[in-house]
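Peer 1: Sequence:
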Amino acid sequence: MRCSVVIPCHNGADLTRHCVQSLLAQEGATPAEILLVDNASSDDIGSLARLHPSVRVLRQASNLGFGAGTNAGIRASRGELVLLLNNDTRAATNLLLELTRVLDSSPAIGAVAPVSNHVKGPARLPVGAIGRNAADRAAIAAALRPSTAAVQDVDSLAGLCLLLRRPTLDRVGWFDERFGHGNFEDDDLCLRLRLHGYRLVIARRAFLHHEGHATFRALGLDLPTEIQRRRRQFLDKWRPDPAGRATIAAMHADLRGAATAAAAAQRIWPQWPDADWHLARWHASNDDHAAAARHLRNLLRSCPQHSDAALALGRALRSLGDDDAAGAHLLQTARTFHLDAMQLARVLGELGQLDLRRNRPASATAHFLAAAALQPADGSLHNWAGVCQLAGGDLEAAERSFRAAAAADFALAHTNLGICLHRLGRGDEARRSFERAVALLPDDATARQNLLAAAGAGAGATAPVSSRGS
353 MRCSVVIPCH NGADLTRHCV QSLLAQEGAT PAEILLVDNA SSDDIGSLAR
403 LHPSVRVLRQ ASNLGFGAGT NAGIRASRGE LVLLLNNDTR AATNLLLELT
453 RVLDSSPAIG AVAPVSNHVK GPARLPVGAI GRNAADRAAI AAALRPSTAA
503 VQDVDSLAGL CLLLRRPTLD RVGWFDERFG HGNFEDDDLC LRLRLHGYRL
553 VIARRAFLHH EGHATFRALG LDLPTEIQRR RRQFLDKWRP DPAGRATIAA
603 MHADLRGAAT AAAAAQRIWP QWPDADWHLA RWHASNDDHA AAARHLRNLL
653 RSCPQHSDAA LALGRALRSL GDDDAAGAHL LQTARTFHLD AMQLARVLGE
703 LGQLDLRRNR PASATAHFLA AAALQPADGS LHNWAGVCQL AGGDLEAAER
753 SFRAAAAADF ALAHTNLGIC LHRLGRGDEA RRSFERAVAL LPDDATARQN
803 LLAAAGAGAG ATAPVSSRGS
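Residue numbers (the numbering used here): 353 to 822.
Read the hints as simulated data drawn from the structure, not as lab findings. Careful: at least some of the hints might be erroneous.
Claimed, not checked - Taking lysine to aspartate or glutamate pairs in the EDC-like style, the calculated list, with each CA pair at most 16 Å apart, reads: (1) Lys589 to Glu529; (2) Lys472 to Asp780; (3) Lys589 to Asp528.
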């Protein structure tokens with residue numbers, strides 16, 4: 353038996369029915385069994401067993417909560433793989449196929465999660481509620497197939513949908529039942545998986561629609577209060593462990609505390625990959641980029657598709673003055689790692705800067721233009737593209753870029769636009785651009801010098817000079 357799906361539920365029979373039906377429609381990897389853990393529901397969850405012979409309803413005498421209810425399902429499961437799933441979800445038809453493919457790709461992977469419309473962290477896909485509809489889920493899944501990277505390593509996964517091997521669960525332990533109705537039981541499980549050296553990955557071609565907090569609403573629970581309560585339980589549990597202290601310090605943006613605890617944790621948990629992550633960020637914040645690079649390479653050996661670590665390594669190499677290595681690494685990261693639009697635009701902008709430092713203006717222009725297309729509201733990217741085009745003599749293209757930068761409220765673009773217009777022989781327009789630059793940047797000596805030059809005022813005034821990126 354290949355895969356058991358465990359779905360704890362308390363009421364919400366209609367939501368659960370949609371969830372089960374989406375699982376029964378899976379292509380190529382239909383679950384061997386679907387276990388509905390009925391946490392003392394008052395509606396007709398039991399009738400869902402009639403949907404298919406693979407569906408079993410495990411009636412509980414009381415509401416066990418999410419963690420204990422899930423554990424009851426794990427206990428009854430017979431598959432070598434276990435999918436832990438919220439009942440207020442609907443799966444795209446390729447969900448199980450993609451999750452299984454990713455999990456099977458490496459024994460080092462401990463848990464796999466899909467992307468979703470309602471989830472924390474980098475697994476979130478901002479598509480709103482359209483995934484309620486099966487045709488729209490199919491369209492979303494089709495759009496995800498050509499994505500650059502099928503897999504993304506992360507430090508933690510949300511518990512709404514996790515595929516794991518049963519032996520892995522037995523090794524690290526099931527959900528900690530102290531977390532009651534839910535929240536932080538997934539953080540707790542993920543930390544235990546990491547301490548045993550497992551990778552946590554997002555299958556970026558698998559999509560799951562999630563309604564979000566349906567059970568909490570049905571129970572009348574105040575979500576912020578519940579989150580704070582479970583957070584305190586998580587902190588109390590993990591403070592005695594140095595890995596826990598490092599994790600807690602990182603939650604509070606305490607890089608030094610996280611690094612100090614991580615160094616101690618490495619002696620107890622030598623397989624824990626996040627120790628290198630905490631240490632790398634601490635060293636980078638103190639400009640010890642060689643040490644940061646060493647820890648980042650260690651992390652990437654354990655978690656080879658960790659986008660944030662790959663980006664951080666490229667920046668460490670750049671800070672060390674190795675422009676060729678930094679450029680090659682960042683270009684490879686852009687091509688083979690999952691990056692969101694903002695991250696990719698930033699990488700392309702950094703590649704443009706490196707190209708300028710290495711006297712590669714054509715490549716720099718292409719990188720800045722590509723970055724600006726991804727983030728059109730970032731005036732600095734348009735401005736840098738204009739600087740490159742101006743240096744290359746393409747005045748019309750430079751004017752378009754500087755105007756786009758100015759429209760995005762990048763003040764320096766007005767100075768550069770004035771220079772461009774002056775070279776195009778449009779003196780009155782150039783003067784007005786310099787006047788605008790001085791109004792926006794009253795302390796900028798170059799803007800004032802160029803205004804004087806354009807007006808022909810002052811002893812020794814010359815043609816406007818000094819186009820700048822920042």
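Peer 1: Now tell me if each hint is right for this structure.
Peer 2: Against the structure, the hints come out as follows:
1. Lys589 to Glu529: 12 Å, holds
2. Lys472 to Asp780: 53 Å, violated
3. Lys589 to Asp528: It holds: about 10 Å lies between the C-alpha atoms, which stays within 16 Å.
Violated hint: 2 only; the structure is consistent with all others.
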